[in-house]
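Participant: Each chain, written out:
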Amino acid sequence: DTGVSQDPRHKITKRGQNVTFRCDPISEHNRLYWYRQTLGQGPEFLTYFQNEAQLEKSRLLSDRFSAERPKGSFSTLEIQRTEQGDSAMYLCASSPGAEAFFGQGTRLTVV
Amino acid sequence: GEDVEQSLFLSVREGDSSVINCTYTDSSSTYLYWYKQEPGAGLQLLTYIFSNMDMKQDQRLTVLLNKKDKHLSLRIADTQTGDSAIYFCAESFGSGTYKYIFGTGTRLKVLA
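Quick note, the sequences are listed as chains A and B, same order. Throughout, my numbering is defined as the position within the first sequence, counted from one, plus 10. Throughout, my numbering is defined as the position within the second sequence, counted from one, plus 70.
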């Protein structure tokens with residue numbers, strides 16, 4: 011297993027467009043997280059899945075954001091009607107328990 | 071509330087020890103972590119400590135936890151140029167989400 015995989019690594023989109031990111035966690039990790047990281051800051055929690063159930067969402071996750079984890083394997087994060095303020099690195103992590111392992115992230119630039 | 075603070079920068083000479091400090095406000099954290107992030111990359115888990123431990127050593131890394139002062143530190147012995155990166159402290163809570171709260175990161179620069 012090569013670790014947590016995220017696709018794409020970079021995405022440039024025009025304001026108002028929709029974007030979707032994919033995360034493939036480490037096999038058999040039942041916990042999956044999405045975080046957002048802006049320049050010069052630490053990652054901020056967005057949402058958490060245990061298997062296919064989305065159990066917690068941050069207030070940062072506005073109505074334009076939606077995340078899914080069908081069948082409890084890979085996850086997608088969709089942002090609708092992107093805004094310039096959405097520009098950030100979106101990080102996915104998976105975990106079997108206390109330790110979380112992060113992917114390389116998807117860097118989103120909204121122009 | 072939950073808040074994790076770190077100093078922004080640290081510069082050391084190659085071969086010296088580095089000590090990166092972190093303070094947190096919520097004493098109910100279950101685990102505390104140190105992650106390393108190199109430019110343009112994701113976060114690499116370095117080590118973590120259960121909140122009822124005082125110290126953990128792992129090769130060149132030593133973690134010290136002072137629960138009374140809510141202070142966590144990471145000591146890197148024999149610091150190398152490859153250790154130059156941003157180091158994040160994080161805490162997680164309880165047996166549920168294990169949601170992580172991260173600090174703002176400390177940029178470590180190792181001078182040859």
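Since the hints were derived computationally from the structure, they do not count as laboratory data. Please read all numbers here as calculations on a predicted model, not as lab measurements. Ideal placement from N, C-alpha and C gives every residue a C-beta, glycine not left out. Hints may be right or wrong, so weigh each one.
[What the hints assert, rightly or not] Okay, derived cross-link-like pairs now, DSS-like style, lysine-lysine, Cα gap no bigger than 27 Å in a straight line:
#1 Lys137/B / Lys106/B
#2 Lys21/A / Lys106/B
#3 Lys106/B / Lys67/A
#4 Lys81/A / Lys24/A
#5 Lys67/A / Lys24/A
#6 Lys81/A / Lys67/A
#7 Lys81/A / Lys21/A
#8 Lys81/A / Lys169/B
#9 Lys169/B / Lys67/A
#10 Lys140/B / Lys106/B
[To be verified] Cβ pair distances, simulated, as ranges:
#11 Leu65/A / Val89/B: 34 to 44 Å
#12 Arg25/A / Gln129/B: 39 to 49 Å
#13 Ser76/A / Met125/B: 41 to 51 Å
Participant: Are Lys106/B and Lys67/A close enough, with their CA atoms no more than 27 Å apart?
Facilitator: holds, 25 Å
Participant: Is the Cα-Cα distance between Lys67/A and Lys24/A 27 Å or less?
Facilitator: holds, 26 Å
Participant: A range of 41 to 51 Å was offered for this pair. Does it hold for the Cβ distance of Ser76/A and Met125/B?
Facilitator: holds, 43 Å
Participant: Is the Cα-Cα distance between Lys140/B and Lys106/B 27 Å or less?
Facilitator: It holds: about 21 Å lies between the C-alpha atoms, which stays within 27 Å.
Participant: Does the alpha-carbon distance linking Lys81/A and Lys21/A stay inside the 27 Å limit?
Facilitator: At roughly 26 Å apart (the allowed maximum being 27 Å), Lys21/A and Lys81/A satisfy the hint.
Participant: Given the hint that Lys81/A pairs with Lys67/A, test it: the Cα-Cα distance must not exceed 27 Å.
Facilitator: holds, 19 Å
Participant: Is Lys21/A close enough to Lys106/B, meaning Cα to Cα at most 27 Å?
Facilitator: This hinted pair holds, its Cα atoms lying about 24 Å apart.
Participant: Taking 27 Å as the top limit, are the C-alpha atoms of Lys169/B and Lys67/A close enough?
Facilitator: With Cα atoms ~10 Å apart, Lys169/B and Lys67/A stay inside 27 Å; holds.
Participant: For the hint 39 to 49 Å, verify it against the beta carbon of Arg25/A and that of Gln129/B.
Facilitator: Cβ of Arg25/A to Cβ of Gln129/B: about 47 Å, so the range 39 to 49 Å holds.
Participant: For the hint 34 to 44 Å, verify it against the beta carbon of Leu65/A and that of Val89/B.
Facilitator: holds, 37 Å
Participant: Is Lys81/A close enough to Lys24/A, meaning Cα to Cα at most 27 Å?
Facilitator: violated, 31 Å
Participant: Straight-line Cα separation of Lys137/B and Lys106/B no greater than 27 Å?
Facilitator: Distance ~23 Å between Lys137/B and Lys106/B Cα, so the pair holds.
Violation of the numbered hints given earlier is confined to hint 4; every other hint is satisfied by the structure.
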